[in-house]
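Colleague: Each chain, letter by letter, is given below.
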Amino acid sequence: MRLDRRGVLAGMAALPLAARAQDKYPSKPLTLVVPFDAGGGTDQVGRAFAEALKAQLGQPIAVQNIGGAGGAVGLTRLSGMAADGYTLGMGGGFLVSASLRGALKLPANEFSHLARLSQEAFVLGVPAASPLKTMQDFLAAARAKPEAVSIGTAGAGALTHLAAQALGDAAKAKLNIVHFAGGAKLLTAVLGAHADAGVFSQVEVLPQLNQPNGVRVLATFTRAPSAKLPGVPTLASLGLGGVPEGPWQGVLAPKGLPGPVRAVLAGAVAKAQSDPQWLAFLDKNGLAPSPLTGAAYDTFLEDEVKTIGALLKAVGLSQ
Amino acid sequence: MTPFDGLLHGLLVAVQPLHLGFCLLGVLVGTAVGVLPGLGPAATIALLLPATYRLDPVAAAIMLSGIYYGSQYGGSTTAILVKVPGESSSLVTCYDGHEMARRGRAGAALAIAALASFAAGTLAILGLGLVAPLVGRIALAFGPAEYAMLMLLGLVLVARLGQGPVVPALIMVVLGLMLATVGQDPVSGLERHTFGIQELIDGIDLVPVFLGMYGVAEVLAQIERREPPPRPVPTGRLWPSREEARAAVPAAARGGAIGFVLGVLPGGGATLASIAAYLAEKRFAAGRDRLGQGAVEGVAAPEAANNAAATSAFVPLLTLGIPANGVMAMILAALTLHGLRPGPQLVTQQPDLFWGVIASMYVGNLALLVLNLPLVGLFVQLLRLPYAALGPLILVTCLIGAFAVTGHAGEAVLAVAFGALGHGLRKLGFEPTPLVLALVLGRPFEEALRQALQLARGDATVFLTKPIAAVLLAAAVLALVAPLLLKARPRHG
Chain A
2 MRLDRRGVLA GMAALPLAAR AQDKYPSKPL TLVVPFDAGG GTDQVGRAFA
52 EALKAQLGQP IAVQNIGGAG GAVGLTRLSG MAADGYTLGM GGGFLVSASL
102 RGALKLPANE FSHLARLSQE AFVLGVPAAS PLKTMQDFLA AARAKPEAVS
152 IGTAGAGALT HLAAQALGDA AKAKLNIVHF AGGAKLLTAV LGAHADAGVF
202 SQVEVLPQLN QPNGVRVLAT FTRAPSAKLP GVPTLASLGL GGVPEGPWQG
252 VLAPKGLPGP VRAVLAGAVA KAQSDPQWLA FLDKNGLAPS PLTGAAYDTF
302 LEDEVKTIGA LLKAVGLSQ
Chain B
7 MTPFDGLLHG LLVAVQPLHL GFCLLGVLVG TAVGVLPGLG PAATIALLLP
57 ATYRLDPVAA AIMLSGIYYG SQYGGSTTAI LVKVPGESSS LVTCYDGHEM
107 ARRGRAGAAL AIAALASFAA GTLAILGLGL VAPLVGRIAL AFGPAEYAML
157 MLLGLVLVAR LGQGPVVPAL IMVVLGLMLA TVGQDPVSGL ERHTFGIQEL
207 IDGIDLVPVF LGMYGVAEVL AQIERREPPP RPVPTGRLWP SREEARAAVP
257 AAARGGAIGF VLGVLPGGGA TLASIAAYLA EKRFAAGRDR LGQGAVEGVA
307 APEAANNAAA TSAFVPLLTL GIPANGVMAM ILAALTLHGL RPGPQLVTQQ
357 PDLFWGVIAS MYVGNLALLV LNLPLVGLFV QLLRLPYAAL GPLILVTCLI
407 GAFAVTGHAG EAVLAVAFGA LGHGLRKLGF EPTPLVLALV LGRPFEEALR
457 QALQLARGDA TVFLTKPIAA VLLAAAVLAL VAPLLLKARP RHG
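Those sequence lines, one after another, are chains A and B. At position 150 of the first sequence the residue is numbered 151 (our numbering), and the sequence of numbers has no breaks. At position 314 of the second sequence the residue is numbered 320 (our numbering), and the sequence of numbers has no breaks.
Just chain A, same shape as in the assembly (with noise of 0.2 angstroms):
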């Protein structure tokens, strides 16, 4: 028999309830799964939301993390649990990579997608000393000669792969890009010069910016400037369209909702997103507030699904 936390916490709630089973939702905590290991970028937003939330709701919110896969695992285990409103589940960009490249054997349709928290920022960041001053001077290498500039990422399939390739086919240059695994080693190989450049969360460099040794930041992938860095253009403002921004994070339940579980759900995910301190969280960590809900965010969704299946098949990584 599997026992898990959330069974226990659910039995131990549901005893002094059972005779109040009509009760009000929310009547006992919940649960958030997280789909990757404790310590990573969707795991500290997923905590930081889950005390907003917690303080909208008047209920606990228990944080689980359950690794693997790029997210696979975790939301597979999601997708089977009771979509009663007491386990939610933290979603993202990663979902629709994962559904795309056949890890997660289910459409990204197949949740509960309540709403969109948050946005990181992709920046192109070269090393210190580089002869590469500037994104003119990087354009005019890149396209002088094919593989002429190597570009590391966070790993093959990540976002930050997917990223690299777009950013080649909108300069119209071949970028001779090589996968390292996770940022850190990204950053290692760039900081050593080892690598030409890299894609990087904009978060990551920051404490290298301006140090004799450090990183120079090229440009920013999000639409509008950064306010962490400025004089940095945008990719958009030097005409170079379709490159991924940056990862996003969204919170989601299992298909099926109740529809008025639904409603009070949708309600204090709104409020927790005006809360200043977690507004504050994404200042601190470099990450844009980008709330978005409703058919704007089906759509959102649906053109997610577009653009990376696109890049996905460019990389030959989806049929």
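Since the hints were derived computationally from the structure, they do not count as laboratory data. Every residue, glycine too, gets a C-beta built ideally from N, C-alpha and C. All the given hints hold, so there is nothing to weed out.
What the simulated footprint calls covered on chain B by chain A, stretch by stretch (three residues with Cβ under 8 angstroms from a Cβ of chain A suffice, anywhere in the stretch; the number is not a length):
#, region
1, 203-215
2, 334-348
A short list of chain A residues far from chain B (calculated; beta carbon distances all over 12 angstroms):
#, residue
3, PRO27
4, ALA56
5, ALA84
6, ARG144
7, PRO234
8, PRO277
9, ALA296
10, ALA311
Dock chain B against the given chain A, drawing on the hints supplied.
Modeller: Just chain B, lined up with the frame of chain A:
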């Protein structure tokens, strides 16, 4: 602030009651994690991360570092007593540590492991405080090409680790490398040999493999024996004799130095350090002929090395903001939770954190010694248990350990499967250690090799034109060929 002022300042931070308490808690948890096979420091820190949410960041960093270097103390205990390494960094301690225990010198082996750990850990902290800014840059000189050759050297050395002939060991290395190819291809991102099993996409986890190959296989071997094994009852003094101490000191010094350097390198870490230190003893120590038959050098060197490496692994994190291994990545995550992003400015911007953590390691190491020495007598008593009780205890601990890593029951099944495989291989005369270590090194080797070739646009001479890579490649070739040449030449006398 000079390093001396810094250490003094750090000491004041570290002895504040709150910080002192969390330091002691950290090393206590670390010792337990080290003793328990399977549960490693990275998994423990991941479990405890949420609990540090409300702590002040210095206290959190002090506690989590304590878990890491504390686990390096405990890892040797089960390796010596029952030949099941508590951590992968204590794999090589099994050879001589367990042999010592079988000869009734378990107490001496445990004490030497604790003392060598303490000495190397303490000296490495001094190194960390004084030369951190200088040696931090070494980590950056190691790019994919250099790293690939370092791993290659490691793989060759692994084949020469045991007592047996080289060819069976090389076969085990190749088998380990093949197992390491399971999971996502690091260049294309496509799945390899996963048979559509989601849990295999990230590759075969190391913990169930080594718990199976050592713990489960060892129990199987004991069951098969008709008569009960001779019980290794302690003989003589519990503590090391004068001769044992005399042999252990230089070995610990060599092991500590090797460990410090390898700990700084990205991906080097405590496991590689302990292997390298053991091999250095096998080549160069005065008592090299006794190695593998219960030599104290074979305990002192790897245990000193893994502690020195656990300490020096903090150098790239604290000076450059880059984690050298998985545990450092978890500590980085913990600091990030508190909004601290370690980078080159950490020393000047967060002197409390930088020096406080370093100074807390002195306190922690002292506490570990005080904690571990009295435990020696207690642990030795474990050997008095009849095997009918000890065997099932080992088996249950191993299966729980395998399960605890991810919480998937499949991992425990994997441990049993590898136990059967390990038992079969041993009966056929194959040692499991080269396989396990090749599985550890296989993935980073493949990644670095393919990255280096891709960065050089397919030009394989990159391994000869980069000086550090060339030296490491030459060392690897020499290590493989030299013993064969020496054997071909008739011996004198």
